[in-house]
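> Could you build all of it, start to finish, from the sequences and the hints given here?
Protein sequences appear in the order of chains A and B. The letter at position 320 of the first sequence is residue 320 when you use this note's numbering, and the numbering goes up by one with no holes. The letter at position 253 of the second sequence is residue 253 when you use this note's numbering, and the numbering goes up by one with no holes.
These aren't lab readings, by the way, just hints derived from the structure by calculation. Incorrect hints may appear among the rest.
With a straight-line cut-off of 30 Å between C-alpha atoms, the simulated DSS-like cross-links for lysine-lysine are [claimed, not checked]:
#, chain 1, residue 1, chain 2, residue 2
1, A, K342, B, K308
2, A, K307, B, K54
3, A, K173, A, K162
4, B, K54, A, K308
5, A, K276, B, K330
6, B, K276, A, K307
7, A, K307, B, K342
8, B, K342, A, K308
9, A, K59, B, K252
10, A, K54, B, K308
11, A, K276, B, K308
12, B, K59, A, K307
13, B, K307, A, K330
14, A, K308, B, K185
15, A, K216, A, K162
16, B, K59, B, K252
17, B, K342, B, K173
18, B, K307, A, K307
19, B, K276, A, K54
20, A, K308, B, K308
21, B, K276, A, K330
22, B, K216, A, K308
23, B, K252, B, K185
24, A, K338, B, K330
25, B, K308, A, K307
26, A, K308, B, K307
This one's a predicted model, so the numbers in the text were calculated from it and none came from an experiment.
Take a look at the letters that make up each chain.
2 protein chains.
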Amino acid sequence: MAGGAGSRFWPMSTEDNPKQFIDVLGTGRTLIQMTYDRFGGLCPAENVWVVTSKAYQAKVHEQLPEIPIGNILLEPCRRNTAPCIAYVCWRIKNANPRANIVITPSDHVVRDVKLFKRSIRECMAFTAETDSIVTLGIRPTRPETGYGYIEADLSFSSSREKNIFRVDSFREKPDLELARQYVAKNNYFWNAGIFVWSVQTVVNAFRVYQPEMARKFEALSPYFGTDAEQEHVDAVYAGLEPISVDYAIMEKAEEIFVYQASFDWSDVGTWGSLKKQIPNDSYGNAVVGNVDLYETNNCIIHCAGNKKVVVQGLDGYIVAEKDGRLMICKLSEEQRIKLFHK
Amino acid sequence: MAGGAGSRFWPMSTEDNPKQFIDVLGTGRTLIQMTYDRFGGLCPAENVWVVTSKAYQAKVHEQLPEIPIGNILLEPCRRNTAPCIAYVCWRIKNANPRANIVITPSDHVVRDVKLFKRSIRECMAFTAETDSIVTLGIRPTRPETGYGYIEADLSFSSSREKNIFRVDSFREKPDLELARQYVAKNNYFWNAGIFVWSVQTVVNAFRVYQPEMARKFEALSPYFGTDAEQEHVDAVYAGLEPISVDYAIMEKAEEIFVYQASFDWSDVGTWGSLKKQIPNDSYGNAVVGNVDLYETNNCIIHCAGNKKVVVQGLDGYIVAEKDGRLMICKLSEEQRIKLFHK
Numbered sequence: 001m002a003g004g005a006g007s008r009f010w011p012m013s014t015e016d017n018p019k020q021f022i023d024v025l026g027t028g029r030t031l032i033q034m035t036y037d038r039f040g041g042l043c044p045a046e047n048v049w050v051v052t053s054k055a056y057q058a059k060v061h062e063q064l065p066e067i068p069i070g071n072i073l074l075e076p077c078r079r080n081t082a083p084c085i086a087y088v089c090w091r092i093k094n095a096n097p098r099a100n101i102v103i104t105p106s107d108h109v110v111r112d113v114k115l116f117k118r119s120i121r122e123c124m125a126f127t128a129e130t131d132s133i134v135t136l137g138i139r140p141t142r143p144e145t146g147y148g149y150i151e152a153d154l155s156f157s158s159s160r161e162k163n164i165f166r167v168d169s170f171r172e173k174p175d176l177e178l179a180r181q182y183v184a185k186n187n188y189f190w191n192a193g194i195f196v197w198s199v200q201t202v203v204n205a206f207r208v209y210q211p212e213m214a215r216k217f218e219a220l221s222p223y224f225g226t227d228a229e230q231e232h233v234d235a236v237y238a239g240l241e242p243i244s245v246d247y248a249i250m251e252k253a254e255e256i257f258v259y260q261a262s263f264d265w266s267d268v269g270t271w272g273s274l275k276k277q278i279p280n281d282s283y284g285n286a287v288v289g290n291v292d293l294y295e296t297n298n299c300i301i302h303c304a305g306n307k308k309v310v311v312q313g314l315d316g317y318i319v320a321e322k323d324g325r326l327m328i329c330k331l332s333e334e335q336r337i338k339l340f341h342k
Numbered sequence: 001m002a003g004g005a006g007s008r009f010w011p012m013s014t015e016d017n018p019k020q021f022i023d024v025l026g027t028g029r030t031l032i033q034m035t036y037d038r039f040g041g042l043c044p045a046e047n048v049w050v051v052t053s054k055a056y057q058a059k060v061h062e063q064l065p066e067i068p069i070g071n072i073l074l075e076p077c078r079r080n081t082a083p084c085i086a087y088v089c090w091r092i093k094n095a096n097p098r099a100n101i102v103i104t105p106s107d108h109v110v111r112d113v114k115l116f117k118r119s120i121r122e123c124m125a126f127t128a129e130t131d132s133i134v135t136l137g138i139r140p141t142r143p144e145t146g147y148g149y150i151e152a153d154l155s156f157s158s159s160r161e162k163n164i165f166r167v168d169s170f171r172e173k174p175d176l177e178l179a180r181q182y183v184a185k186n187n188y189f190w191n192a193g194i195f196v197w198s199v200q201t202v203v204n205a206f207r208v209y210q211p212e213m214a215r216k217f218e219a220l221s222p223y224f225g226t227d228a229e230q231e232h233v234d235a236v237y238a239g240l241e242p243i244s245v246d247y248a249i250m251e252k253a254e255e256i257f258v259y260q261a262s263f264d265w266s267d268v269g270t271w272g273s274l275k276k277q278i279p280n281d282s283y284g285n286a287v288v289g290n291v292d293l294y295e296t297n298n299c300i301i302h303c304a305g306n307k308k309v310v311v312q313g314l315d316g317y318i319v320a321e322k323d324g325r326l327m328i329c330k331l332s333e334e335q336r337i338k339l340f341h342k
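What follows is the structure in structure tokens.
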């Protein structure tokens, strides 16, 4: 899934060039490239599919030239995650009705790739043999209010896989007090938005819980892979209900499980969380770019390109520069960034 | 005089594009253009001469297309102000041995242009009739340690012009204590580096006080205005003594006067002094560029072009952005800027 607009990371991320297409960590690879890399050895390139906006087709193709261009599916408009997932799953069903599918956002960060691969393999082994939906749950390390949570029934572990438990409930983003209660228990996990299921399970779930959406994609199936695909997709897409897969399917489905993942994961949804993903210097600064610091502490400084940047005397700020656009903002005020560049 | 490098204003000003060629005040005109504009009505364009580095010839021509390109004199290397002034004055002597000359830096700011013109007219009326050198002295408004001072003998006023007094001495940049003493008296003025004198007076002064330099320019005179001028200037220039006109002439000359100017003047030599030249908002911020401020006070924010800049939560800082180069620095630390971009 690579259709997001990343407006919380202005000016690094813009509508024209959102976060997933940016080397936010300064590693030389963009987030979507790092996501692709994480599946190396798990999934051959020709089985990787990307759903994105039409405006980003060229960008995806440029950044992931390994993927067949026909595997880049184009949404004519944003309709949240359920239509996006239905589209790609029906499309894959057309190609291989026995496929086992991992759904993942393209703009998250996982540092331990080896552990990630092992986890995905375990999930896929499980969904290959059962009609289950598996969601990846991350053990919380702090009372984060920016994530949804999954409540697991730890007494009900799968007999096949020790890390997989039945889901009791999905919980929306909590307030701080509730988040503290979740973290204090051992059966609450962050919902990473990564789902593993067989194509048959997806299609059945949509047929049961989103019958109208299922019918529409069923009707589109004859055009998949033909020259008429885009035209027919464009004709129906705006009429699809904009709904998240969590509401549309996960919260309603019965055979739903959580994989207790222990790798370090972040949706890097804020500058503060990005700061945690970049090695900090001994003064607590996370720096991407050609930056010289003087008397500066606890800042995240992200400057595109190799142009020289000098920062003197700041403590606890975000400094982000791209193409002459610049934002300086206290880290404590980062929730206001979306409003700053309207 | 337009050969300076403006290194204290990085990244706004760079060796490639120093301060005099920049619209530092955000008025739509660069400092050299504003300097040219100040002489409108005083001096026709064909009588305006610019001495600059070879590297800046195209820039001067582009910014001042009114001036004949042959009036842009090119120094092959920087040799301080005395050689620069000798060159242009000998060059003008060749064209008009009875010329009356105003020497001015190209990167200073004067806000009351009308009063400036009246002052220059009064100086020129005086030097047209006498063999005097007149320097412009600005009544100090604060104990500035960044300027040289002129001590005047107020009892010895010219009989022709009530604002012109004999100079007692030139004083180098003082420390704060001495600057306070100067300001407390009424006969100390800031040395604005603007000189008015006839071409004959200049040439005589160089012949008396800098005979070697005078001989060299005398020897160059046959080539002035010919195709061989640059070649011969290039051959001697590096061998000229790099010395300021203050040391070379002013401090030695006898018939030297100061015009007590009452217009507001600044050499805008620091970000702090530039901040004073730009209208401040009610929170004490001086802003050039497309800048949105939130909870920001007492800052100077200078961003080239029309790219959007957002600053939240700063007090007492310089923020300067140009072509992706960025500097953030406390105003109190601005003396260190030269070191920041080595």
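> Are the hints correct? Go through all of them and say.
Each hint, compared with the structure:
1. Pair hint A/K342 plus B/K308 holds up; C-alpha atoms about 11 Å apart against a cutoff of 30 Å.
2. For the given pair, A/K307 sits about 26 Å from B/K54 by alpha-carbon distance, which is consistent with the 30 Å threshold.
3. Between A/K173 and A/K162 the alpha-carbon distance is near 27 Å, which keeps this suggested pair within the 30 Å criterion.
4. This hinted pair checks out: B/K54 and A/K308 have alpha carbons roughly 26 Å apart, not beyond 30 Å.
5. As the CA atoms of A/K276 and B/K330 are separated by approximately 27 Å, the hinted pair is consistent with the 30 Å bound.
6. With a C-alpha separation of about 29 Å, the suggested pairing of B/K276 with A/K307 holds against the 30 Å cut-off.
7. A hinted pair counts as satisfied when its Cα atoms are at most 30 Å apart, and A/K307 with B/K342 qualifies at roughly 14 Å.
8. A threshold of 30 Å between alpha carbons decides the hint, and for B/K342 with A/K308 the separation of about 11 Å falls inside it, so the pair holds.
9. As the CA atoms of A/K59 and B/K252 are separated by approximately 69 Å, the hinted pair breaks the 30 Å bound.
10. Taken as a hint, the A/K54 and B/K308 pair is honoured in the structure, with Cα atoms around 26 Å apart against an allowance of 30 Å.
11. Between A/K276 and B/K308, the direct Cα distance comes to roughly 27 Å. Compliance with the 30 Å bound is thereby established for this hinted pair.
12. Restraint check for B/K59 and A/K307: the C-alpha separation of about 23 Å stays at or below 30 Å, so the hint holds.
13. For the suggested pair B/K307 and A/K330, the alpha carbons sit about 21 Å apart, so the restraint of at most 30 Å is met.
14. Restraint check for A/K308 and B/K185: not satisfied, since their Cα atoms lie roughly 46 Å apart, outside the 30 Å limit.
15. Taken as a hint, the A/K216 and A/K162 pair is broken in the structure, with Cα atoms around 38 Å apart against an allowance of 30 Å.
16. For the proposed pair B/K59 and B/K252, the alpha carbon gap of about 35 Å is over 30 Å, so the pair is violated.
17. This hinted pair checks out: B/K342 and B/K173 have alpha carbons roughly 25 Å apart, not beyond 30 Å.
18. At most 30 Å may separate the alpha-carbon atoms for a hinted pair to count; B/K307 and A/K307 meet this at roughly 16 Å.
19. Taking the CA atoms of B/K276 and A/K54, the gap is near 50 Å; set against the 30 Å cutoff, the hint is violated.
20. Restraint check for A/K308 and B/K308: satisfied, since their Cα atoms lie roughly 19 Å apart, inside the 30 Å limit.
21. For the suggested pair B/K276 and A/K330, the alpha carbons sit about 27 Å apart, so the restraint of at most 30 Å is met.
22. At roughly 43 Å between alpha-carbon atoms, B/K216 and A/K308 are farther apart than 30 Å, so this suggested pair is violated.
23. Between B/K252 and B/K185 the CA atoms are separated by roughly 24 Å; this keeps the pair inside 30 Å, and the hint holds.
24. As the CA atoms of A/K338 and B/K330 are separated by approximately 27 Å, the hinted pair is consistent with the 30 Å bound.
25. Distance restraint check for B/K308 and A/K307: the Cα-Cα separation of roughly 18 Å lies within the 30 Å cut-off, and the hinted pair is therefore satisfied.
26. Simply put, A/K308 and B/K307 have alpha-carbon atoms about 18 Å apart, close enough for the 30 Å limit, and the pair holds.
Hints 9, 14, 15, 16, 19, 22 from the list above are not met by this structure, while the remaining hints are.
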